[in-house]
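Q: Chains as they are written, first to last, in my numbering: chain A, 1 to 179; chain B, 1 to 390; chain C, 1 to 286.
Because the hints were derived from the structure by calculation, they are not lab data.
Take these hints with a grain of salt, some might be off.
To be verified - Calculated lysine-lysine pairs in the DSS-like style (CA-CA distance at most 30 Å, straight line):
#, chain 1, residue 1, chain 2, residue 2
1, C, 52, C, 273
2, B, 202, A, 34
3, B, 192, A, 152
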Amino acid sequence: MPRVEIRFAGFGGQGIGLLGRLVGEAIALYMEGKNAIMTQSYGPESRGGASSSDVVIDEGEIAYPKATHYDYLVVMSEEAYHKYIPNLKEGGTLFVEENLVILDEHAKKAGKIFKIPATKIAEEIGSSLYANIAMLGFFCANTDIVSEDALKKVIREKVKARFVKNNLIAFEKGKNYKG
Amino acid sequence: MSETIQKEEDRTVLTGEYFTTGNLAAAEGALAAGCKFFGGYPITPSSEIAEHMSYRLPQVGGHFLQFEDEIASIVSILGASWGGWKSMTATSGPGYSLMLENIGLGIMTETPCVIVNVQRGGPSTGLPTLVGQQDIQQTRWGSHGDYEVIALAPNSVQECFDLTIVAFNYAEKYRLPVTLLMDETLGHMSEKLIIPTKDEIKVINRKKPKDDPSIHLPYKADDDLVPPMATAGEGYRVMTTGLTHDERGYPVLNAETQEKLIRRLIDKIRKNKDDIILLEEYKLEDAEIALISFGISARASKGAIELARKKGIKVGLLRLITIWPFADEQIEKLAEQVGNIFVVEINAGQVTREVQRAVKGKAEVHGVFKYGGAIHTPEEILSEIERRIK
Amino acid sequence: MTDKLLKAVEHPSDVFLRPGRIPHIWCPGCSLGSVTNVIIEAIKQSGIDSKKISIISGIGCTGRAAGYLNFDSFHTTHGRAIPFAIGLSVTDPERKVIVISGDGDLASIGGNHLIHGARRNADITVICVNNFQYGMTGGQVGPTSYEGQFQTTAPYGNVEHPFDLPGLAYSCGATFVARWTALDVRRMKETIIEAILHKGFSFVEILGSCPTTYGRRNQLREGLEILENFRKRTVLKHGADPTKTEISKDGPIIVGKFVEIKDKSTLTDNLLKVQRIAKATKARGL
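Bound-form chain A, shown alone (with noise of 0.2 Å):
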């Protein structure tokens, strides 16, 4: 596997950097032969604004660290959308939380779209706040990129202990959902 250039991206609040600590940390950590990065935005802000988290990810030594040209870009906000959509590689695979980003004629450039209403789903279990986890089960059934038992053994140790169980239900309703 070649080098893949991951974004994900949202506003303050909605766990971004969350998922891309989980996507990073599940390979580098637990998937043979793999690499990965996780470098994220820093604002002075701590809440709202515009958020964003990139993993790299390659079999050799990672050179450059950060994602400048996307094979797949995961979006959870109109803002986001329209900000990162220009680096999109062509033929990319985009991720949309479909009830926050309403796509325009940019996104004909991705050669796949997997649209699922993850902060719903996250409601329905009780909190908008595990939408990212939602959507990292939906990432994870539709890509090749991260192995399902990795992700959840890094749910298990990185987030509290109190919110797991909730947790790993959104992640197994991202995972199920059928567009």
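Chain A is already provided as a structure; the job is to place chains B and C on it using the hints.
A: Same frame as chain A, but now just chains B and C:
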């Protein structure tokens, strides 16, 4: 009781595999090196180091203190070092500026300690949350007077851990404050970190005096030009001053004492350069063009080398892991091999200037600069090479 | 016989003075010599193992004291004695760290460290010799100079108001606060013993004489004149409210042990407490 002690030791080195940031890796590296005191002041993008140390140090029998400013922070770690504890602080450009006078005190009193500078864009408040590599010359010349320093530049999360240990080892071995020049991108990015077992980690501790306290001369150096170091409470009645001093540590304010002392402070680094200078050579064997870079910029440089070689341009990289003392001789040798050297750095030419000096006209030196806020992309570096080499 | 003679001329403080460092640099009429002697006597009588004593100074005339005393001694940079002392003190709870420095050093350039050191109730003793101006640099006005005082940078009289150091230290959290003049050698010694043995931040202000750069510009030409002036104005008042001890040009100088609070936790206490909590905390990943 013995069980408690065992527990403490186990928590010093968290052997295992992690996916973590450069900042946390540097903090864990410090602990693995035996750091027991951290004095600091919050500043982006280094604060996670302080936060992590505040959580970890008390677990291993050390102390964390947040001070009123960076001046107090650097001075406190000098104090703790004289108490016999390995100590560190972490900051970014503005804080490093405030520390400079007392880094000079550390150099003059030969006090081992480590300062991590997670660089951001400057000058002044600049770009608090964005990358820079603009404190290279400040690290070398920032405090007043003549002296030599040691500064190391990691380029991966793993190296943030490994080189923090090396920084402590150099600090202890050569008795001076050592700076770890990180940057925002490295501090905040996550990748795999392997923490080895305690036995696998090489830790150097300061030399202790063996003579009787009644005849002890605290600033009488051994053949390696480094004096053994007694610390407070050992009965040696330590005497230190930032004033020019003789072997007794007494202030003696004249040209002769000054020359003897300053020459030794400089020579203890210069004469041990071979031990201190760490470099990585990457695809230089057949290179016709060389990149020289360091820190995060060296990773972008490696990306550029891949692109260039695909196009048949033979480019290699000399990565400066040790920035100070500067690798003059190795760079001059490289200049004899290649016609053109490109220096890739996120500043307006601070290392380029040194390279120009070191090549002695034997190669053309080009700077590939960014001014802070973003790291180079491999494409940017390649296009600069192609633009200059027709 | 010769040995006996030599012993006879040995000064009782010699053992605590660094061999070969005397004569000191202080001017005739300066009170720093006698203050240093009082500090040595206090340390001796405190009963503390001399190995456990560390002396820290900043820069200035008083700042030279560390270099003369034969303990672990650290002559640091201007204003920075207190954070150095804190870093040193927390590495050993039994260590007694004594800062000896001047008013310009501790209250002006080092003022931020003074107030925060007091706030933390750091386990150190600060002895501040106040000579109302910057002596070593030639007599410039300082943070303790009174309004109208003449100095080289106040040729028409000082335009500012002074810090009252006991009030400053107390209001910031110091748990032991006292003031004496350089004349009060016995009481000063008793107070310094108590200050060293005190757990927490102890602050002792000593009003000193500087005929060379303060006195001669302010109609007090000789060291003795300054001390005589102190004597006339001194009012002994143990337990005085330290917010009401400000010194003016001619008004009374209130001296005594003003504050002693024994039940406030020290910085070292709290650091050790945190260690106990942390050691019992389950590790989390990176």
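Q: Would you mind marking each hint as holding or not holding in the structure?
A: Cross-check of the supplied hints:
no.: 1; hint: C/52 <-> C/273; result: holds (22 Å)
no.: 2; hint: B/202 <-> A/34; result: holds (29 Å)
no.: 3; hint: B/192 <-> A/152; result: holds (18 Å)
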